[in-house]
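**Q** This is what each chain is made of:
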Amino acid sequence: MGARPGTLTASDEAEPTEVRALRFGAEAVSDEPLDASAELPRPQGHDKLWLDVRGLRNLELLQRIGTHFRVHPLALEDVVNVPQRPKAEVYEQTHDSAKEYQYLFIFRFVAFDTSGDLAVEQLSVILGSQFVLTFLENHDDLLSPVRKRLHPDDSRLRRFGADYLAYALLDMVVDGYYPVLERIAEQLEALEDEIMERPAAPLLKKLQRHKRNLLLLRRAVWPEREALASLLRHPSPLIHEETKVFLRDVHDHIVQIADVIESYRDLVGELTNTYLSVSSNRMNEVMKLLTVMTSIFIPLTFLAGVYGMNFQNIPELKLPWAYPALLCAMVVIAVAMLIYFWRRGWIGKGPSGD
Amino acid sequence: MGARPGTLTASDEAEPTEVRALRFGAEAVSDEPLDASAELPRPQGHDKLWLDVRGLRNLELLQRIGTHFRVHPLALEDVVNVPQRPKAEVYEQTHDSAKEYQYLFIFRFVAFDTSGDLAVEQLSVILGSQFVLTFLENHDDLLSPVRKRLHPDDSRLRRFGADYLAYALLDMVVDGYYPVLERIAEQLEALEDEIMERPAAPLLKKLQRHKRNLLLLRRAVWPEREALASLLRHPSPLIHEETKVFLRDVHDHIVQIADVIESYRDLVGELTNTYLSVSSNRMNEVMKLLTVMTSIFIPLTFLAGVYGMNFQNIPELKLPWAYPALLCAMVVIAVAMLIYFWRRGWIGKGPSGD
Amino acid sequence: MGARPGTLTASDEAEPTEVRALRFGAEAVSDEPLDASAELPRPQGHDKLWLDVRGLRNLELLQRIGTHFRVHPLALEDVVNVPQRPKAEVYEQTHDSAKEYQYLFIFRFVAFDTSGDLAVEQLSVILGSQFVLTFLENHDDLLSPVRKRLHPDDSRLRRFGADYLAYALLDMVVDGYYPVLERIAEQLEALEDEIMERPAAPLLKKLQRHKRNLLLLRRAVWPEREALASLLRHPSPLIHEETKVFLRDVHDHIVQIADVIESYRDLVGELTNTYLSVSSNRMNEVMKLLTVMTSIFIPLTFLAGVYGMNFQNIPELKLPWAYPALLCAMVVIAVAMLIYFWRRGWIGKGPSGD
Amino acid sequence: MGARPGTLTASDEAEPTEVRALRFGAEAVSDEPLDASAELPRPQGHDKLWLDVRGLRNLELLQRIGTHFRVHPLALEDVVNVPQRPKAEVYEQTHDSAKEYQYLFIFRFVAFDTSGDLAVEQLSVILGSQFVLTFLENHDDLLSPVRKRLHPDDSRLRRFGADYLAYALLDMVVDGYYPVLERIAEQLEALEDEIMERPAAPLLKKLQRHKRNLLLLRRAVWPEREALASLLRHPSPLIHEETKVFLRDVHDHIVQIADVIESYRDLVGELTNTYLSVSSNRMNEVMKLLTVMTSIFIPLTFLAGVYGMNFQNIPELKLPWAYPALLCAMVVIAVAMLIYFWRRGWIGKGPSGD
Amino acid sequence: MGARPGTLTASDEAEPTEVRALRFGAEAVSDEPLDASAELPRPQGHDKLWLDVRGLRNLELLQRIGTHFRVHPLALEDVVNVPQRPKAEVYEQTHDSAKEYQYLFIFRFVAFDTSGDLAVEQLSVILGSQFVLTFLENHDDLLSPVRKRLHPDDSRLRRFGADYLAYALLDMVVDGYYPVLERIAEQLEALEDEIMERPAAPLLKKLQRHKRNLLLLRRAVWPEREALASLLRHPSPLIHEETKVFLRDVHDHIVQIADVIESYRDLVGELTNTYLSVSSNRMNEVMKLLTVMTSIFIPLTFLAGVYGMNFQNIPELKLPWAYPALLCAMVVIAVAMLIYFWRRGWIGKGPSGD
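Chains as they are written, first to last, in our numbering: chain A, 13 to 366; chain B, 13 to 366; chain C, 13 to 366; chain D, 13 to 366; chain E, 13 to 366.
Warning: the hint list may mix true and false statements.
Copies of the same chain are indistinguishable here, so a pair counts whether it falls within one copy or spans any two.
Straight-line Cα separation of at most 16 angstroms, EDC-like style, residue types lysine to aspartate or glutamate; simulated pairs [unchecked claim]:
1) Lys99 <-> Asp271
2) Lys217 <-> Glu27
3) Lys256 <-> Glu104
4) Lys99 <-> Glu238
5) Lys111 <-> Glu254
6) Lys223 <-> Glu282
7) Lys111 <-> Glu253
8) Lys223 <-> Glu101
9) Lys223 <-> Asp278
10) Lys99 <-> Glu133
11) Lys256 <-> Glu133
12) Lys160 <-> Asp43
13) Lys218 <-> Glu198
14) Lys217 <-> Glu204
15) Lys99 <-> Asp43
16) Lys223 <-> Asp59
17) Lys99 <-> Glu89
18) Lys223 <-> Glu274
No lab work stands behind these hints, which were simulated from the structure alone.
Please work from the sequences and hints to get the whole structure.
**A** Quick look at the structure:
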């Protein structure tokens with residue numbers, strides 16, 4: 013609180029920093045790990061540079077990278093002090109009386125980890141005119157699918173500019189939401205069947221976990237949607253019209269994903285209501301049985317009580333056929349009750365099959 | 013994930029591809045099926061061309077059509093990789109230093125299938141300056157009503173441009189929502205009566221199916237509404253002012269449909285509440301009966317118990333009129349109870365007819 | 013589905029068509045019925061023309077009127093194919109290289125019919141530079157109040173243009189919502205009292221009818237509000253600045269009406285909740301009585317049961333004062349229980365008068 | 013319905029009309045009642061005029077004032093036909109080929125009356141270039157605080173223009189909402205305590221009264237907020253930049269008030285939920301007691317019943333220690349039950365102090 | 013009500029006023045307390061001035077400061093009459109025919125006090141071209157972290173203008189929300205576990221306190237978010253482009269905080285639902301036990317009653333094996349019932365382990 017802006021702080025769980033430098037152009041691609049103490053490369057000629065940084069513990073190195081590529085202190089702070097709200101921002105700086113633009117994209121990888129929880133990882137992409145810097149919280153090589161697409165000679169990634177690489181990275185993040193949503197959909201479908209058949213308190217807990225996962229997704233997806241929408245609305249330096257068509261496509265996907273998330277959230281709410289309804293239905297059945305049992309036996313027990321009294325003068329007691337007659341009367345009463353309850357639909361299906 | 017954009021993938025359920033080529037102008041109409049390996053036609057002179065593609069399995073042919081008509085790779089991807097979010101997008105490309113525009117419309121046919129489920133099918137329309145390409149997921153000849161309207165010589169479809177054909181197709185999709193909504197309305201009305209009379213758990217399941225169908229409709233209709241609204245707001249190459257008046261009419265219809273969907277969704281929510289209320293009312297009745305039965309017989313049973321005790325010195329037991337007196341007392345108690353409950357409105361209609 | 017736009021279809025319930033032609037200007041007014049086969053009049057000189065059409069069965073005549081006054085086919089379709097969403101639209105057409113504008117207003121008369129249901133009727137107003145065409149679904153002479161205002165010589169209707177007549181008609185529709193809302197308000201107030209005193213299932217049905225009526229009103233009022241707002245925002249040919257001040261007044265009224273509808277909808281939702289609360293309160297009372305009765309008599313019955321046992325060796329049974337002593341004990345237990353329940357507020361008012 | 017616009021109608025409850033004329037400038041103030049038949053004054057030189065009209069019964073006088081100050085007929089109608097939706101509107105009229113502007117402000121005084129109900133009174137302010145007309149529904153001299161502020165010689169009211177007087181009047185209306193909200197806050201706080209301790213049906217009725225009062229406030233405040241916001245957004249003739257800063261302050265206050273109203277509405281909704289929760293908790297307790305009583309005594313009563321049977325051959329009955337043994341068994345059963353219920357937390361605090 | 017605007021009123025709890033004057037520039041910093049009666053300093057040369065005022069009781073001094081720095085009377089009123097809605101406003105005044113701008117920022121410090129309640133304190137910042145005035149309600153030296161950052165010679169605070177100091181102060185306020193939210197998150201997590209295990213009425217009270225705290229935060233954060241957003245949207249005198257980048261960062265943080273607050277509010281709502289579900293589940297268990305106990309023992313008690321009757325002619329009573337046979341029958345009935353209930357899952361886990 014009250015700290016100087018631009019202060020970098022490594023969290024306790026930050027992983028050690030590793031850097032890969034990729035240099036690519038229409039002609040050639042080079043791809044090599046970079047030593048922490050090595051000199052930092054620069055893009056040369058028409059070639060573009062991609063610095064792939066994983067793990068955010070080495071603050072000194074991160075600061076050096078920031079200075080080397082003239083990254084705005086606030087952008088660097090957002091990259092390092094994870095988690096940040098997803099965003100797409102442009103930083104305008106003046107160097108040697110020439111304006112220089114840089115984009116900062118913060119997006120979130122979301123995936124189920126092995127224990128079935130949703131894991132979230134921040135991907136920060138800094139896009140300069142000739143270079144792209146990417147920063148990941150962890151060591152996992154999440155960006156390798158894009159790196160592989162750089163190698164074929166006819167790769168669009170090599171012909172287009174650095175902005176197209178940035179697009180490809182964001183596109184990969186967004187594509188990653190689909191399998192997550194599919195898995196949630198499957199689990200919700202299974203939950204629904206369970207709820208209709210056997211409503212039990214642990215299902216509520218599961219529903220809540222889904223609610224939370226969906227909230228987590230939503231908090232990743234909504235700001236990304238806004239960020240892309242605002243990027244597409246305004247003229248943007250560094251990003252070519254051709255790449256914008258592709259970004260519009262990413263935006264379409266993310267809008268679709270946001271729609272799906274909203275409808276799953278609706279579904280979870282609906283399932284909670286179903287749980288309550290089904291469980292109140294069960295309660296109703298319990299109450300009906302109680303009422304049926306009580307209503308049938310209480311009058312009979314009363315009758316038995318009457319003839320258990322010890323008055324000296326109870327004439328019925330001496331009649332030889334009184335006992336079987338009473339038993340018959342009791343059966344008649346019980347059957348009448350049963351018919352009444354059956355008619356109201358409290359036992360069996362009722363007359364209307366209800 | 014991380015795949016190259018523009019990659020076409022046929023789903024396992026994709027049906028084989030069939031193509032019809034329609035050539036039409038003020039003078040004449042030709043309409044013939046096209047072989048998968050035949051050369052693709054081009055619009056000639058003032059005539060317009062409509063390529064009606066059904067089934068999305070033959071990726072090679074689809075790719076050829078895309079290349080032949082210079083469809084943007086992302087547009088073609090959206091056409092093939094169903095389902096996509098409905099949209100209306102313009103693609104601007106430069107060929108031989110001349111700007112060329114194409115529109116992509118993605119709309120959704122929605123209809124009840126024979127098993128009573130809602131079936132959704134994507135219609136993609138690509139509108140060029142002289143041609144219209146349509147793509148349907150399945151083989152069903154859904155577009156035949158429009159094709160038939162091409163044949164009369166005074167057909168507005170033949171006098172107006174390709175944009176008017178695109179309008180006619182979208183209009184047909186939107187008109188198709190009305191019968192679906194009418195059927196849902198009828199079913200909801202029937203459900204409401206059932207709920208008021210016999211609330212039962214399976215009705216909840218039916219309500220949920222309606223909820224889901226309405227959601228499905230909504231997810232088709234809302235983006236179509238947005239797409240048309242944004243199309244109408246901006247000046248659009250390819251689409252004439254005269255056609256725009258007609259598109260405004262489609263937009264009006266879709267706004268009306270969206271309104272109706274929202275009010276049906278409200279109605280479903282309301283019916284769920286009604287279900288809960290009616291079912292809680294029934295519970296109330298059950299409880300009242302239980303309470304009435306218990307309250308009447310428990311004191312009587314107690315009295316019988318008292319005179320069933322074996323104390324040697326219970327003076328009442330020896331009185332000859334004690335037994336009938338007790339029976340009378342019991343009747344008085346029971347009647348008093350019944351009157352009390354009737355007054356509170358728990359049995360019969362109560363004094364206020366409530 | 014897939015039908016040609018501009019196709020007119022008469023519904024089965026359409027009433028026969030009647031037409032009145034009113035010609036009016038600063039000097040004179042003429043008002044006569046028009047035969048279905050008669051030649052259609054035109055506005056002449058500075059006089060304005062009002063064609064008042066009631067009943068939409070005679071499609072041939074409606075088509076002739078449309079052609080005669082150069083009504084856009086889509087506008088005519090909206091007029092005839094009732095019901096349409098309320099709207100205010102401008103149609104621009106070019107005749108003899110001069111631009112000609114026409115407005116189409118679709119508004120909805122709403123009134124309670126004799127059976128207490130809400131009846132809705134569409135009023136379509138087509139406003140040209142010198143004429144006004146009005147179309148009503150039914151025969152009822154709903155527009156007579158405005159017609160009568162034409163007759164006095166100092167009538168503003170005669171001095172101002174055709175746009176002022178259109179305003180007067182819309183104003184009348186909007187004024188008609190007030191008595192409907194007042195009646196709903198009275199009924200809701202009565203319902204509320206009933207619910208607080210005697211919650212019963214039929215009240216839920218009444219609440220739902222109100223909900224539906226309010227929805228119906230809302231679906232009339234909201235689009236009319238939007239239509240007027242958008243009309244006021246944009247510069248509009250045909251509508252003078254002076255008339256706009258009056259339309260702004262109509263807009264104010266309709267905004268107020270929309271507010272009231274929303275607050276009534278809130279009220280209905282609130283009443284449903286009240287119903288549930290009051291009915292759950294009653295349940296509570298039932299349960300309390302059951303528990304009080306059971307809790308008092310079950311221990312007493314048990315005691316009676318104990319001394320009804322037939323063990324040979326129960327010393328108490330032989331004591332002469334045992335029976336009265338047990339009776340006293342029973343009274344003490346019952347009174348203690350009653351005090352306990354009274355203290356908890358389950359019977360009577362409780363110690364805190366709660 | 014269908015009446016000519018600008019028609020003035022006095023409601024049955026309209027109070028007799030009284031008028032005060034205040035003439036004020038930097039130099040002097042005059043303040044005198046005006047006879048209904050007297051000639052109406054005009055502002056002279058740099059002096060401003062304030063006509064303070066109370067009671068809306070004398071339509072003839074109101075019409076004369078309207079004509080005298082060239083008030084637009086629709087503005088006069090809004091002033092007289094109370095209640096109107098709060099608004100701020102500008103009327104532009106042309107007299108002698110010079111444009112003349114007038115503002116109409118409609119705001120609502122809200123206060124608790126002596127019976128604890130919210131009373132609402134409409135204040136209409138018509139602002140001309142040199143005069144202010146104010147109209148109140150009732151006789152109460154609500155505007156006297158502002159009138160008194162006119163008398164000191166250094167009063168800003170006298171140095172600034174008529175627009176500042178209009179501001180001062182609106183500011184007073186808005187300031188009046190604070191004490192109302194404070195009183196509601198106090199009552200809600202008291203209600204909350206009552207609900208937590210003794211939930212009873214009459215509290216629901218109180219909650220609903222608060223809901224309605226807040227709705228009433230909201231319907232006053234929201235349109236006023238909109239009206240001021242739109243006034244501040246657009247350039248306004250008659251209102252100086254200096255006065256606008258003050259109006260912005262009023263707008264700030266009204267935004268704050270709208271916020272508070274919303275949070276109170278939330279609170280009322282929350283209290284309804286609390287009521288239901290607390291009341292369902294009580295139900296739970298009732299059920300628990302019922303179950304505990306029944307579960308303990310029913311098995312004991314059954315045992316007593318068994319040994320009350322009259323079989324000739326029940327060996328236990330002859331054992332001398334059987335009766336005390338059974339009594340002991342009964343005590344053991346009862347204690348075991350009590351321990352079981354205590355463990356589940358149904359009686360006392362339970363083992364976990366829950 | 014009706015008071016003159018700009019009137020300063022000290023609340024009864026206002027603390028005595030203390031003032032510190034800080035003069036700072038690239039070269040030097042001076043920092044000294046200021047006597048209440050001392051002459052007020054002015055910024056000189058390139059040096060900036062920061063007047064840090066704590067406690068709002070000394071209205072005369074506050075008025076003098078206002079006059080000395082030409083603070084607009086309404087701005088001064090907002091500073092003194094706490095609490096005000098957070099805002100960022102620009103005041104434009106003309107002195108010696110030169111335009112002078114001042115900004116007023118009102119933000120809210122929020123922190124948990126020692127008793128666990130949320131304490132809110134208003135920070136008002138007035139930003140002039142060369143000076144910053146800060147006003148705090150209480151004596152606590154909340155601004156010291158920023159003051160300390162002034163002392164190092166390379167401090168950005170000293171190189172940048174007064175606007176950067178204002179930014180640093182607002183940034184500190186916003187940073188202060190994070191620990192508050194973290195503490196709320198921890199408490200909510202603990203509450204959730206308690207609710208799942210032991211739902212009890214006091215938990216509802218805790219939930220409501222959280223709801224209220226979140227509302228309080230929301231009412232601080234939302235207007236601050238709006239204020240910053242509108243500041244960033246419009247060109248602002250006094251605030252340099254470089255500082256705006258930093259303010260955008262504060263805006264990002266506050267948007268993130270607003271998101272988190274909303275999701276916590278959702279969570280609280282969800283927990284209330286969970287409470288109701290869990291508590292209704294418990295009710296279900298209670299009812300099940302009641303029903304099981306009653307259903308098992310009521311028929312048995314009835315049988316015992318039958319053979320307790322005193323009819324002279326009950327043949328079974330004389331059979332020597334009748335008593336053990338009946339006991340066996342009773343056991344069979346009880347076991348059958350138990351199996352039935354176990355099957356339905358009412359006791360134990362049921363056959364499906366449910």
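**Q** Now look at each hint and say whether the structure bears it out.
**A** How the hints compare with the structure:
1. Lys99 <-> Asp271: Answer is between: at 14 angstroms across copies they meet the 16 angstroms cutoff, but 19 angstroms inside does not.
2. Lys217 <-> Glu27: neither (33 angstroms within a copy, 42 angstroms between copies)
3. Lys256 <-> Glu104: between (20 angstroms within a copy, 12 angstroms between copies)
4. Lys99 <-> Glu238: For lysine 99 and glutamate 238, the Cα distance is within 16 angstroms only inside one copy (8 angstroms; across copies 18 angstroms).
5. Lys111 <-> Glu254: between (23 angstroms within a copy, 14 angstroms between copies)
6. Lys223 <-> Glu282: both (11 angstroms within a copy, 9 angstroms between copies)
7. Lys111 <-> Glu253: Classified as between: cross-chain Cα gap 14 angstroms, same-chain 20 angstroms, threshold 16 angstroms.
8. Lys223 <-> Glu101: neither (30 angstroms within a copy, 34 angstroms between copies)
9. Lys223 <-> Asp278: Classified as both: same-chain Cα gap 10 angstroms, cross-chain 10 angstroms, threshold 16 angstroms.
10. Lys99 <-> Glu133: within (14 angstroms within a copy, 31 angstroms between copies)
11. Lys256 <-> Glu133: neither (25 angstroms within a copy, 29 angstroms between copies)
12. Lys160 <-> Asp43: within (11 angstroms within a copy, 47 angstroms between copies)
13. Lys218 <-> Glu198: within (13 angstroms within a copy, 20 angstroms between copies)
14. Lys217 <-> Glu204: both (13 angstroms within a copy, 10 angstroms between copies)
15. Lys99 <-> Asp43: For lysine 99 and aspartate 43, neither the intra-copy (28 angstroms) nor the inter-copy (40 angstroms) Cα distance is at most 16 angstroms.
16. Lys223 <-> Asp59: neither (46 angstroms within a copy, 55 angstroms between copies)
17. Lys99 <-> Glu89: within (14 angstroms within a copy, 27 angstroms between copies)
18. Lys223 <-> Glu274: both (11 angstroms within a copy, 14 angstroms between copies)
The structure is inconsistent with the numbered hints 2, 8, 11, 15 and 16, although it conforms to all the rest.
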